[in-house]
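Protein chains: 2
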Amino acid sequence: MNAEFVNPFLSSFINVLQTMAQVEVKPGRPSLKKDAIARGDVSGLIGMVGPTAKGSFSISFDKELALNVFRLMVGETIEELSEDITDMVGEVTNMVAGGAKRQLGEKGYEFNMATPIVVTGPNHTIKHQVDGSKVLMPFISEHGKAYIEICFNQ
Amino acid sequence: MNAEFVNPFLSSFINVLQTMAQVEVKPGRPSLKKDAIARGDVSGLIGMVGPTAKGSFSISFDKELALNVFRLMVGETIEELSEDITDMVGEVTNMVAGGAKRQLGEKGYEFNMATPIVVTGPNHTIKHQVDGSKVLMPFISEHGKAYIEICFNQ
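If you're matching them up, the sequences are chains A and B in order. Mind the numbering: the first sequence is residues 1 to 154 in our numbering, read in order. Mind the numbering: the second sequence is residues 1 to 154 in our numbering, read in order.
None of these hints come from the bench; they were simulated from the model. Please read all numbers here as calculations on a predicted model, not as lab measurements. Keep in mind that a hint or two might mislead.
The list makes no distinction among identical chains, and a pair is therefore deemed to hold if it is satisfied within one copy or across any two copies.
[Stated by the list, open to error] EDC-like mimics (lysine to aspartate or glutamate), calculated; alpha carbons at most 20 Å apart, straight line:
(1) K26 x E106
(2) K34 x D87
(3) K107 x E83
(4) K63 x D131
(5) K33 x D87
(6) K26 x D131
(7) K107 x D35
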């Protein structure tokens with residue numbers, strides 16, 4: 001996978017959570033292992049298609065971070081992973097991928113985004129099926145944890 | 001959503017399971033409700049991007065059907081949703097979307113496919129985030145159950 005594809009997603013995620021929810025997430029140690037698996041309680045996923053490369057991107061939130069981001073974005077406290085939370089996760093996923101798409105476009109890599117899908121279920125796992133490497137990046141914050149996974153076939 | 005987008009996915013799913021695993025799945029009653037939710041134990045998801053329309057497609061298997069399809073495709077019995085099962089589900093998702101893409105192309109609708117993502121977790125839910133209608137179709141078979149969900153923004 002082209003290493004230039006990675007940073008736009010990471011910086012876009014940091015930027016979206018900072019701007020929308022004033023949550024400061026810090027990247028941890030990235031994993032390039034083929035069998036690395038992202039776990040979360042609610043995940044947003046989106047497909048990306050370019051003229052030559054294609055791939056997929058996901059953000060998996062633990063319940064704590066999802067509920068806190070909703071509270072800080074919307075100003076309303078929810079205790080469970082309701083439809084309001086899944087909609088928020090879908091919107092954040094779309095914003096992060098959109099920000100990354102813009103940055104990639106500035107570098108000359110054009111991508112179109114599919115529509116986001118949100119998965120809910122305690123401690124589910126996400127596995128991107130791509131021939132090529134993938135990057136799994138954990139993020140921590142005082143409001144909870146998230147994993148970002150980025151996979152492209154080139 | 002263009003109703004012509006639906007049938008290629010359904011017929012491709014029926015065809016792939018018949019051809020690859022000799023499993024006969026029967027469509028149930030489709031749901032067009034906005035709040036309808038697919039549930040499964042292992043799901044394959046894939047984004048689709050065309051020049052004007054974009055969307056997403058998912059197949060959610062219950063554990064029984066996933067294990068049976070693997071046994072019938074590969075000739076090996078597995079009792080748990082291991083990596084072999086997630087790989088099989090990713091492959092089936094890719095084949096079904098590929099078959100649908102070909103049929104859509106013959107009708108003049110060109111789409112590119114992103115790469116598949118597989119989600120595992122008991123009784124997780126899938127929610128496609130799209131402005132537009134979506135179709136949720138249950139399938140039954142003597143080997144277990146599946147849900148297909150198809151969503152496009154046009």
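Checked hints:
1. Taking the closest pair of Cα atoms, K26 and E106 never come within 20 Å of each other, the shortest separation being 25 Å inside a single copy and 48 Å across copies.
2. Taking identical chains as interchangeable, the C-alpha atoms of K34 and D87 lie at most 20 Å apart only when they sit on different chains, with a minimum of 13 Å there against 30 Å within one chain.
3. Neither within a single protomer nor between protomers do K107 and E83 lie at most 20 Å apart by alpha-carbon distance, with minima of 36 Å and 36 Å respectively.
4. For the identical chains of this complex, K63 and D131 are neighbours neither inside a copy (31 Å) nor across copies (25 Å), given an alpha-carbon limit of 20 Å.
5. Proximity of K33 and D87 under a CA criterion of 20 Å is satisfied inter-copy only: 16 Å between copies versus 31 Å inside one chain copy.
6. Taking identical chains as interchangeable, the C-alpha atoms of K26 and D131 are never at most 20 Å apart, the minima being 29 Å within one chain and 32 Å between chains.
7. Neither within a single protomer nor between protomers do K107 and D35 lie at most 20 Å apart by alpha-carbon distance, with minima of 30 Å and 39 Å respectively.
Hint compliance for this structure: hints 1, 3, 4, 6, 7 are broken, all remaining hints hold.
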